[in-house]
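J.: Put together the whole structure using the sequences plus the hints.
2 protein chains.
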Amino acid sequence: MPELRQNFFTKEWVIIATERAKRPEELATHRAPQEVPSFVESCPFCPGNESRTPPEVLRYPVSLAEPWSVRVIPNKFAALSSEVQPTRSLQHLRRRIDGFGFHEVIIDSPDHSRCLPLLPDAHVAGILHAYRDRYRTLSVDRRVNHITIFKNHGADAGASLQHPHSQLIATPVIPSQVRHRLHEARRHYDDAGECMFCHMVEREVEDQMRIVIKGEHFVGMEVFAAATPFATHIFPLRHMASFGDISDLEIADLARVLRALLAKIYIGLENPDLNFTIRSGPTEYSGARHFHWYVSVIPRLTRVAGFELGSGMFINTVLPEAAAEFLRKVSVEHAAGAGA
Amino acid sequence: MPELRQNFFTKEWVIIATERAKRPEELATHRAPQEVPSFVESCPFCPGNESRTPPEVLRYPVSLAEPWSVRVIPNKFAALSSEVQPTRSLQHLRRRIDGFGFHEVIIDSPDHSRCLPLLPDAHVAGILHAYRDRYRTLSVDRRVNHITIFKNHGADAGASLQHPHSQLIATPVIPSQVRHRLHEARRHYDDAGECMFCHMVEREVEDQMRIVIKGEHFVGMEVFAAATPFATHIFPLRHMASFGDISDLEIADLARVLRALLAKIYIGLENPDLNFTIRSGPTEYSGARHFHWYVSVIPRLTRVAGFELGSGMFINTVLPEAAAEFLRKVSVEHAAGAGA
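Chains as they are written, first to last, in this note's numbering: chain U, -11 to 328; chain C, -11 to 328.
Treat the hints loosely; a few may be bogus.
Same chains, same names: a pair is fine if it fits in one copy or spans any two.
Claimed, not checked - Restricting the straight-line Cα-Cα distance to at most 25 angstroms, the calculated cross-link-like pairs of lysine to aspartate or glutamate (DMTMM-like) are: (1) LYS202 to GLU190; (2) LYS10 to GLU71; (3) LYS(-1) to GLU172; (4) LYS(-1) to ASP178; (5) LYS10 to ASP144; (6) LYS64 to GLU(-9); (7) LYS10 to GLU238; (8) LYS317 to GLU272; (9) LYS(-1) to ASP86; (10) LYS317 to ASP241.
In case anyone wonders, no lab produced these hints; they're calculated from the structure.
T.: The structure is reproduced here in structure tokens:
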């Protein structure tokens, strides 16, 4: 029997189409493992080609005496510009803002071939440190109201360069998905006197059936009302509204949980194209009691069709509980390989 | 300079990335015209294969003495089932509904090769009559709260069968995109005492710059804050909250406007994959003053990447005014060819 489930955070309904149901393993890409070289002469993100990108705004290690392990640069093809002011105008109810913002690229490592699940945990922690460093620095700018940090892995997920990298976009407005969640979170807090995310995480940890992986400070789980197969959330167990507030200890744990989760997807589903996003509250939200940041991981296993696009309501053919069971069983002990 | 624009109906912001701007013609598929046969022996939607689909729930002409021109059947791989009741349950704030609903397929014509822009206006009107007929019939069912009618054209737009067809999904809940629009529409009505859609359509018709095509009863325009290139809306000029209230005269005009618009896209952008959706108010909305139904047309010219997926905020690389100018210039006089 098909089933409709309501997303607890947005109150949006999704259809879990069990009549069309697929076993999780049917969604594996069956993609032959690619031989990717670790250095590509023509790649602007490979070591030695630093002059082909805009000057870096951050590098680890900070000392220029050592080769870099993580590099942050302004996006050469930025969607928004930090050179303009966010001037607003209104004409016949049509609102515009001049395109102020920051658009940066985080180069995950010097190695062209190693995507995030194949990097050592300590290196993933370095990438997360770079995220937090840029998040904190840009948050101070009073024109910035929200910062989205995200990863496109694979062409179908929007990656135009193969060298593993992440991106950051700082906007003068709150993106709609965050806005809807803030609205519902505020309402739940007023109704129930608690953070709706904390509440849900506690219940899910009790229930176990959708949990994929649990660390000391983070838990990764399949989404109860997942819009697409294998949609996964990673939540900090401590209440925090802003990604900028993550501690060093928490970064080390998130690195382990995120890498292990991505490795389970990489191995179990045979390296599908994938996006992940850090969904933080607005930059002013440090200390907010009603919102809770998290990481949303979306493997790109299906295409969005007319019904989804036109209604915003999704049809998901994989039961989230089956997806969780599948991912729990994928062993990732040796995924980081020689470099671990 | 890039620009942020706010969607008037949802208050969502989009980035119009003029720094990365593309001229409209750059997005053409450059796809070689395909030789599609008008009859395919193995196609379940081709004439003679009627027994391979579930029994029809509607056919035009109604008389069985004549061959059918439009046929409506239950979807063999339905996402929802009319055999179950929409029983609700709530456990730890996790809401579910048993998967009640209707999922039907409208076979546009017996001709395997003729997609909608290549059909005569009168035939398109027949398809719209079938939409309205099913809309009205299913609206009477008190368990149905919303009906989405949509078209997937091409594999990237989610079409799994090539034979031109549309679909209808009747749900016991209001899809999220409609829900957000209802909320904003109600608020605008309370604030301004008018339908926000009527207001916007009037201003756009005055301004002209985003108008693509205007009929007697319908107007097609590029969306001011389009999330994706060539996102186009067709509005009825008369205030109507429910698609079920469209008159025969209006159907004839919508057939002309919709076909001409799709033909402009078909010719100008070289047959891109495409979705359109009829966005009606809830089934109970006949007579509602604050909402206004419309058709949303989305050519699938770009991929959704991590930022869009993770934030709900889109980056559009084509200026809507340039898209409108481009489409206005595409001549479609002979598009319907021999069959017109």
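J.: Go through the copies and call it for LYS(-1) and GLU172: within, between, both or neither, with a Cα cutoff of 25 angstroms.
T.: Both. Shortest intra-copy (8 angstroms) and inter-copy (16 angstroms) distances satisfy the 25 angstroms Cα cut-off.
J.: With identical chains, the pair LYS317 and ASP241 could be close in the same copy or across copies; at 25 angstroms between alpha carbons, which is it: within, between, both, or neither?
T.: Result: close within a single copy only, 21 angstroms intra versus 58 angstroms inter.
J.: I want to check one pair: LYS(-1) and ASP86. Are their C-alpha atoms no more than 25 angstroms apart within a copy, between two copies, both, or neither?
T.: between (32 angstroms within a copy, 17 angstroms between copies)
J.: Checking an output row: LYS10 and ASP144, CA cutoff 25 angstroms. Within, between, both or neither?
T.: both (21 angstroms within a copy, 20 angstroms between copies)
J.: Cα distance capped at 25 angstroms. Does LYS317 pair with GLU272 within a copy, between copies, both, or neither?
T.: neither (40 angstroms within a copy, 47 angstroms between copies)
J.: Is it within, between, both, or neither for LYS202 and GLU190, if the alpha carbons may be no more than 25 angstroms apart?
T.: within (12 angstroms within a copy, 55 angstroms between copies)
J.: If the cutoff is 25 angstroms on CA atoms, where do LYS10 and GLU238 land: within, between, both or neither? Let me know, please.
T.: neither (36 angstroms within a copy, 43 angstroms between copies)
J.: Indicate which option fits the pair LYS64, GLU(-9) if close means a Cα-Cα distance not exceeding 25 angstroms: within, between, both or neither.
T.: Answer is between: at 17 angstroms across copies they meet the 25 angstroms cutoff, but 45 angstroms inside does not.
J.: For LYS10 vs GLU71, is the C-alpha pair at or below 25 angstroms within one copy, between two copies, both, or neither?
T.: Close across copies (21 angstroms), not inside one copy (49 angstroms); limit 25 angstroms.
J.: Between LYS(-1) and ASP178, at a C-alpha cutoff of 25 angstroms, which is it: within one copy, between copies, both, or neither?
T.: both (16 angstroms within a copy, 24 angstroms between copies)
The structure fails hints 7, 8 (numbered hints given earlier, in ascending order).
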